[in-house]
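Sequence lines, in order, name chains A and B.
Each residue of the first sequence is one higher than the one before, starting from 1 at the first, in the numbering used here.
Each residue of the second sequence is one higher than the one before, starting from 1001 at the first, in the numbering used here.
Any given hint could be a false lead.
Unchecked claim - Taking lysine-lysine pairs in the BS3-like style, the calculated list, with each CA pair at most 27 Å apart, reads:
1) A:Lys-485 <-> A:Lys-102
2) A:Lys-102 <-> B:Lys-1077
3) B:Lys-1065 <-> A:Lys-384
4) B:Lys-1077 <-> A:Lys-617
5) A:Lys-455 <-> B:Lys-1065
6) A:Lys-64 <-> B:Lys-1065
Just so you know, the hints here were simulated from the structure itself, not pulled from any lab data.
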Amino acid sequence: MLSRECCGPSLATDVLPTPAREDAAHVGDAEVVESKPVRTIALVGPPNCGKTTLFNQLTGLNRKVANFPGVTVEHFTGYITLQDGERIALIDLPGIYSLNAKSEDERVTVDVLRGRMTGIESPEAIILVLDSTNLGRHLALAAPVISLGLPTLVLLNMADSLRARSGDIEVLSLARQLGTPVALVSAASGEGLGAVQHFITSAMHQPQPAELPVLHDLRACRQWAEQINVQSNYRKPLPPMWTRRLDAVYLHRLWGPLIFLLVVIGIFQTIFAAGQPISQLLQNALDYLGAAASAHVHSALLRSLLMDGAWKGVSSVLVFLPQILLLFLLIGVLEDSGYLARAAVIADRTMSRFGLNGKAFIPLLSAYGCAVPAIMATRTIENKRDRLATIMIAPFMTCSARLPVYTMVIAAFVPNVHIAGVFFGSRALAMLGLYVIGFLAALFTARVLKSSILKSKDVPFLLELPPYRWPTVRSLVMRLFDRTKAFVWRAGTVILGVSLLLAILTNLPLHQGHSPAIQDSIAGRAGHCLEPLIAPLGFNWKIGVGLLTSIAAREVIVGTLGTLYGVDPEQHAMSLQQALHSDLSLGGAAALLIFFAFAMQCTSTLAVVRRETNSWKWPALQFAYMTVLAYCGAFVAKHLVDVFLR
Amino acid sequence: MPGRVKTRERFTRRVFPPNAASPSARESRCALDAPDSSQEAQLLPLSELPHGVHAVIEEIHLPEKAAEQVMLFGFMKGVEVVAAGSGPGGCPRVYRLDGTEVAIRRATARRILVRIPSQEQA
């Protein structure tokens, strides 16, 4: 940890989420925790100036960072333990342009600063982080923040970029003008962070600025900032040349959209061309492990339960990990490099046609990974109705949990044919088609909502485009690590549980000590009850059971089918794809894909929608709408395929 | 809302200066104070600024809330801007000001009037 190096061994780190605070204080270092209350310091600053990077450096935590404004949308507390044992609570906050909150994320920051956030102590001091390469505008935020009257440390971040681009500022002079301590730092490399410790351990004083502007007058704040910059001999850095060169291409009227399209296609092709072979290797390894383990299980019933049931269920989902990680890696590169903001610019025109704000594109793009953080990210959208519309359509974007389902069905039904040489295969094309269908359903829904219950006046679309940066290995590795943890956790809990339960239910009720035929088992009978409902879509009872279990999470169906086929003696020897092929018609496969493209099968998403909209009305509406659309869409797809492809 | 208007229509709507005519009933809601004719000769809407050309912001004709928002992103009287790129077909536009790039829709940019300094000197 760099922060330990630069701040000396005295700055230890701690990794505790807010709720665990008190318990951990007792469990952890008992002699440290006297009755002394924890001092709270807030990290404030404009969006994308590096607050979370600094937070991670100081606390040793790994909160998500990326190169676009609006990554952090909620408050998060981490702890620093000083040498004398004192614990300091550091609150990471969403970026703000002013103290007049317009969007939900800005409101979080303002509420915390004014002590109105329940469960968060009013901060005792503020660390104001500003981008030193953009002080002309960012310094204007110092006026309202300093006027809060709390002891403030001003950190001018990205000192390395400032120097590299021949910019300069007299820190002492700036400190005199602002009446606060000021330090040039680089949060990414840890340079200059000793100032933070010095600030915390020294006697904190109220800021004593030489002069403050009239705060509600933006122009006055701006002029004040400019005047201070002049007095501190601020030399603006040279423009980032590479950003200009790249933008000349990426934001070109013609090349821009074309490159955007190539990037999207490239992502798909990589997931397929590179992800598939790795998945195959993993599959072989898991099969080998399963076979080796089952040799040690002597009871036939137990073997059927554990190996054919639970293991097949869990391993059939685990094999998709490489592809999902590849997807998150590529999304991570887009986010960290700064291209995501350009993609939002390119997409804005299409979005505006459907009544959406271009800003909605950023959460929607992250919904390709997972809808839960995407719905959180909608907090940056100022207009409440625009935000609701974006929340409502986010689950239509093809999240990574659909990837295993799509891959499984496509691999079973679509022959692998190269279309444009080695660059694009038929399977990748089918997959792309499903992504497009999901996106179109989202746009259609947005249009319906925006022209009916969520009509609103236009809010100007403004988006700051950050300079391009190299994605850091640390940030990318952290994303992949988090994702792997979540994925393996789900496979080891929900999917293992469902698989095991199914394996048991397919072996009950026992007839004279023997397992029944699979269709006569409890699971079989339950599935058969569903059949009248799903037969019009071309699904049999096994798919029905899969649909039922996938309400928990989409990829559970893969595990469920893995278990059901593993337990069924007729399909036991087949691969998952072969078994599926023997079970579904082509029309049924199309129906299954469309059903998964539209249906809301994710309890986590429903929970987060409930939390973010503060009512059950919206998630209930969303669930009903998406289920009806999924059923009707699947029905139409089956019959179209049956008519045209037979 | 420009997104609702067909592309072709939008191209033909490129009037100069745009505030002389009200392009659509919806946009005309943005209560414009028409600048007097002596200024019109020098001022041009930001949306019409050619790629790579520097200009200085002179007037902002937007409703209060919207004006405040563009100001937070640096669009203020006296600030120098450069047209730096755009989305497909020219909307939204990207401007460089204060060392950063900001994307803004054309409908908003046409309410911001700028002056090209070199033109004035000539």
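Consistency of the hints with the structure:
1. A:Lys-485 <-> A:Lys-102: violated, 35 Å
2. A:Lys-102 <-> B:Lys-1077: Roughly 22 Å between the alpha carbons, so the hint for A:Lys-102 and B:Lys-1077 holds.
3. B:Lys-1065 <-> A:Lys-384: holds, 15 Å
4. B:Lys-1077 <-> A:Lys-617: violated, 45 Å
5. A:Lys-455 <-> B:Lys-1065: holds, 19 Å
6. A:Lys-64 <-> B:Lys-1065: violated, 32 Å
Going through the hint list in order, the structure does not satisfy hints 1, 4 and 6.
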